[in-house]
Amino acid sequence: MSIKSFRMALNEAMRQEMERDPTVIALGEDIAGGMGALGQQDAWGDVLGASKGLLGEFGRNRIFDTPISESAFIGAAAGAAVAGLRPIAQLMFVDFFGVCGDQIVNQMAKFRYMFGGKATTPVVVRTLFGAGTRAASQHSQCLYPIFTHIPGLKVVIPSSPYEAKGLMIQAIRDDDPVIFFEHKAMYDDVGEVPDEPYAIPFGQANLLRAGGSASIVATGRMVKHAMQAAAALEQAGMPCDVIDLRTTSPLDTNTILTSVAKTGRLVIVDEASPRCGLAADISAMVAQEAFGSLRAPIRMVTPPHTPVPFAPVLEDAYVPGPAQIEAAVRALLEPRK
Amino acid sequence: MQMNAQQLMDAYQGMCTIREFEERVHKEFATGQIPGFVHLYAGEEASAVGVCMDLRPEDHIASTHRGHGHAIAKGCDVGAMMKEIFGRQGGLCKGKGGSMHIADIAKGMLGANGIVGGGPPLACGAALAAKVKGTQAVAVAFFGDGAFNQGTTLESMNFAAVYALPVLFVLEDNGYAESTASSWSIGGHNPVRRAEGFGLRGNRVDGHDFFAVYRAAKEALARMRAGGGPEFLHIEFTRYFGHFEGDQMTYRPPGEVKEERNYLDCLKFMRARLVSAGLVQPQVLDRIEAEAAALIEDAVGGARAAPPPDRADLLTDVYKTYPGALA
Ligand SMILES: Cc1ncc(C[n+]2csc(CCOP(=O)(O)OP(=O)(O)O)c2C)c(N)n1
Numbered sequence: 001m002s003i004k005s006f007r008m009a010l011n012e013a014m015r016q017e018m019e020r021d022p023t024v025i026a027l028g029e030d031i032a033g034g035m036g037a038l039g040q041q042d043a044w045g046d047v048l049g050a051s052k053g054l055l056g057e058f059g060r061n062r063i064f065d066t067p068i069s070e071s072a073f074i075g076a077a078a079g080a081a082v083a084g085l086r087p088i089a090q091l092m093f094v095d096f097f098g099v100c101g102d103q104i105v106n107q108m109a110k111f112r113y114m115f116g117g118k119a120t121t122p123v124v125v126r127t128l129f130g131a132g133t134r135a136a137s138q139h140s141q142c143l144y145p146i147f148t149h150i151p152g153l154k155v156v157i158p159s160s161p162y163e164a165k166g167l168m169i170q171a172i173r174d175d176d177p178v179i180f181f182e183h184k185a186m187y188d189d190v191g192e193v194p195d196e197p198y199a200i201p202f203g204q205a206n207l208l209r210a211g212g213s214a215s216i217v218a219t220g221r222m223v224k225h226a227m228q229a230a231a232a233l234e235q236a237g238m239p240c241d242v243i244d245l246r247t248t249s250p251l252d253t254n255t256i257l258t259s260v261a262k263t264g265r266l267v268i269v270d271e272a273s274p275r276c277g278l279a280a281d282i283s284a285m286v287a288q289e290a291f292g293s294l295r296a297p298i299r300m301v302t303p304p305h306t307p308v309p310f311a312p313v314l315e316d317a318y319v320p321g322p323a324q325i326e327a328a329v330r331a332l333l334e335p336r337k
Numbered sequence: 338m339q340m341n342a343q344q345l346m347d348a349y350q351g352m353c354t355i356r357e358f359e360e361r362v363h364k365e366f367a368t369g370q371i372p373g374f375v376h377l378y379a380g381e382e383a384s385a386v387g388v389c390m391d392l393r394p395e396d397h398i399a400s401t402h403r404g405h406g407h408a409i410a411k412g413c414d415v416g417a418m419m420k421e422i423f424g425r426q427g428g429l430c431k432g433k434g435g436s437m438h439i440a441d442i443a444k445g446m447l448g449a450n451g452i453v454g455g456g457p458p459l460a461c462g463a464a465l466a467a468k469v470k471g472t473q474a475v476a477v478a479f480f481g482d483g484a485f486n487q488g489t490t491l492e493s494m495n496f497a498a499v500y501a502l503p504v505l506f507v508l509e510d511n512g513y514a515e516s517t518a519s520s521w522s523i524g525g526h527n528p529v530r531r532a533e534g535f536g537l538r539g540n541r542v543d544g545h546d547f548f549a550v551y552r553a554a555k556e557a558l559a560r561m562r563a564g565g566g567p568e569f570l571h572i573e574f575t576r577y578f579g580h581f582e583g584d585q586m587t588y589r590p591p592g593e594v595k596e597e598r599n600y601l602d603c604l605k606f607m608r609a610r611l612v613s614a615g616l617v618q619p620q621v622l623d624r625i626e627a628e629a630a631a632l633i634e635d636a637v638g639g640a641r642a643a644p645p646p647d648r649a650d651l652l653t654d655v656y657k658t659y660p661g662a663l664a
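Chains as they are written, first to last, in the working numbering: chain V, 1 to 337; chain S, 338 to 664.
Quick caveat, the hints were computed from the structure, so don't treat them as lab data. Model, not experiment: these values are computed from the prediction. Every residue, glycine too, gets a C-beta built ideally from N, C-alpha and C. Fair warning: there could be bad hints in the mix.
Not everything, but these chain V residues come out facing chain S in the computed CB check (under 10 Å) [what the hints assert, rightly or not]: (1) Glu29; (2) Asp30; (3) Ala32; (4) Ala43; (5) Trp44; (6) Glu70; (7) Ala317; (8) Gly321.
Extracted from the complex, chain V is given alone in its bound form (with noise of 0.2 Å):
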């Protein structure tokens, strides 16, 4: 065991990978960076330095730079997945899904089904999203809600480098095309990691911290900041729950569920667009199934309906802190009047 950042947890996760199977590959722009140029190799390793080192030590027929063309090396993994590779592709961040998203929504995701459960497409796509790095709005976006709305893609949120690793592992293990979500705010987050190869099971919601006074679910790096806001509330005499789904789908219904029936309050936090977004499908499944358990009604905590601003006034405006969180779990707390 010992400190690592999100970034080398991830790298450490492919590189295991990589050296367990060899059908493992990856792909993607600059995630070895350098191609063509004499002489340099892994000058990059992906745009954020995650990849750095595995084009050395696995070489050109398993790391692959490719052109600016989402289309065709997206779809080329799912192609490679069902010939029988395990693709980790990368989409640099999430907001380019737009040019290839025929290749995600109608091939990977639904090669299992449409072809009567005989193709198996084991490829990941990793990519970077969230805001809080002045990227404005088209490289900022928490675009989740839209590949757990499709069916036949499994959806993967890490909130710490210890979840990465293990999620990473589990994603290139897994049999299904998965969005790998990676919060380019939290990659120098650091934590403890084991060195050995663990993997994480999808659909397993994690319990990170208990106490009856409300749950709280979040995701990714909302995950850490429910942690200080339950930090704070515990010291003001109300210890809650914090549930980090990690998985959005398969969704761990049953862990919100025994939450909600404990402490009969539910604050759900998604840093995504509130429309039709992942607090929105939560709400409305616990309103469905546990509406006799509720004490107060069901808060959600997202940034407003508007793209991500790119000054920093409005940027910090825009995305959920600590400060929301504790009020919304101290508004459900409040005698009702």
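Here the structure of chain V is known, so what remains is to put chain S with the ligand in place on it, guided by the hints.
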């Protein structure tokens, strides 16, 4: 190709303004004054200015993530651009877009673009609008060597060819897409022939030579205005800075940029031509350079002094609002 003295001075001034703007943004970024992603255009000035010289206000351009030069060449306000890049009030896009999305529709500048290959379809649309409305307006799609492999770019060339749309496709080949060399990534290694395959007339141009760019663009635009359909220019040069600010350029051979800057710089090249041919006095060029520096100094001062946007602006401009209607 005849340019009068005023045009020559204007062209030099445009290029100096872009260079000064980019050098200054580079410095300000290093001091932490500028948030977000910034991609600089320095080294490529002859392309933006050479192509845009013969454009009219009603013509449109679609730009790239490296869009400051195009915006300046199409007449966008430099002070408002600087404020935008700093994320301040009075910014060209109210601080909502930043460097990567800088735009001014009123000037026919359809925006820098965060999506590689996002621009060419937009240029086709502007050209289609000109056709439907029966104006003589044309459109220019600027895109990089990386974007030249993107489906949207190839689809746009075909679409423009099918409808003989007046779109000038300008491939700005600075040798790299992020860390990926264009010599490696462009299959067939012959952009002009690729464009010709779609039915476009194509030309390869030395991007260090303003006069070569200007001549090629002027001729293409004239043919397009006369109904000749889409054309293609492959303009080659080097970018002076990293892909984005902060990029250490580990993928580039050491000294590559320095060599280019010393021997192939488009500004030095133009200055030398103007002086040696006796077209413009050196003192006049000195004055133009000083004016560009002063203009940018002013723009930076204005940006620094401007307040950040109002937090309430977060919720504005998402939709057009109609009086009395529900939000
Ligand atoms: C669809 C899409 N894919 C990938 C990216 C990430 N990206 C931003 S700029 C860039 C390189 C673009 O290279 P090129 O078109 O040659 O333009 P240059 O940067 O050289 O001016 C890449 C891959 C993006 N913004 N959009």
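Query raised in the report: Does Ala32(V) pass the interface check with chain S, least Cβ-Cβ distance below 10 Å?
Result: 8 Å, holds
Query raised in the report: Under the criterion of a CB-CB separation shorter than 10 Å, is Asp30(V) in contact with chain S as hinted?
Result: 5 Å, holds
Query raised in the report: Regarding the hint that Ala317(V) lies at the interface with chain S, is the smallest CB-CB distance below 10 Å?
Result: Because about 5 Å separates Ala317(V) from the closest Cβ in chain S, which is inside the 10 Å limit, the hint holds.
**Report entry** Hint validity - Glu29(V) Cβ closer than 10 Å to any chain S Cβ
**Finding:** 7 Å, holds
Requested in this report: Answer holds if the nearest beta-carbon of chain S is closer than 10 Å to that of Glu70(V); otherwise answer violated.
Outcome: It holds, given that the least Cβ distance between Glu70(V) and chain S is near 8 Å, below 10 Å.
Report task. Classify the hint on Ala43(V) as holds or violated, based on whether any CB of chain S lies nearer than 10 Å to its CB. Result -> Result: holds, 4 Å to nearest chain S Cβ.
Query - Proposed interface contact between Trp44(V) and chain S, which counts if any beta carbon pair is under 10 Å - result: 5 Å, holds
Query - Minimum beta-carbon distance criterion (10 Å), Gly321(V) to chain S - result: 14 Å, violated
Of the numbered hints given earlier, the model fails hint 8 alone.
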